[in-house]
Amino acid sequence: MVEPTRIEAIVETAVYVDDPDADEASYRDVLGPEMMSREAGRHVFFRVGDGVLPVFAPDSTLKGDTFPPHGARGPGHFALGARAGRLRPGRRRHRRRQERPYRDRKSWQGYFQ
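Under my numbering, the first residue of the sequence shown carries the number 29, and numbering increases by one thereafter.
Simulated from the structure, these hints should not be mistaken for lab results.
Hints are not guaranteed to be accurate.
Stated by the list, open to error - Pair by pair, the computed Cβ-Cβ distance ranges are:
hint, residue 1, residue 2, range
1, G79, T33, 16 to 24 angstroms
2, R101, R66, 35 to 43 angstroms
3, R56, V30, 38 to 46 angstroms
4, G104, G60, 18 to 26 angstroms
5, V43, K91, 33 to 41 angstroms
6, P32, G104, 36 to 44 angstroms
These numbers come from a predicted model, not from an experiment.
Every residue, glycine too, gets a C-beta built ideally from N, C-alpha and C.
I would like the entire structure built from these sequences, with the hints used as guidance.
Structure representation (structure tokens):
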């Protein structure tokens with residue numbers, strides 16, 4: 029019997045937002061990933077470890093002009109990992125200024141083994 033292929037990594041995790049241009053600053057300035065590419069009003073792509081975090085505007089991606097239509101609406105969820113104490117200083121100040129709250133901060137150490 030042939031063993032099924034095991035998934036080794038998540039290559040891309042997408043998040044859909046109303047305004048990727050406005051959210052770009054939150055991700056870049058607070059979390060610090062490398063910005064790979066952007067198309068104003070449509071997307072911003074960030075390098076996160078070996079993967080990619082695309083930040084899409086569903087109004088653009090649902091049109092299917094360049095790629096097949098794709099998108100999501102409503103609440104979503106994804107989690108990022110960072111070492112304790114390594115988030116950029118000023119994230120709380122940035123959160124208040126932008127009115128884009130980070131809902132919760134949890135330590136999941138040992139959760140995934």
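Status of each hint after checking the structure:
no.: 1; hint: G79 / T33: 16 to 24 angstroms; verdict: 18 angstroms, holds
no.: 2; hint: R101 / R66: 35 to 43 angstroms; verdict: 22 angstroms, violated
no.: 3; hint: R56 / V30: 38 to 46 angstroms; verdict: 44 angstroms, holds
no.: 4; hint: G104 / G60: 18 to 26 angstroms; verdict: 21 angstroms, holds
no.: 5; hint: V43 / K91: 33 to 41 angstroms; verdict: 18 angstroms, violated
no.: 6; hint: P32 / G104: 36 to 44 angstroms; verdict: 28 angstroms, violated
Of the hints listed earlier, those the structure fails to meet are numbers 2, 5, 6, in rising order.
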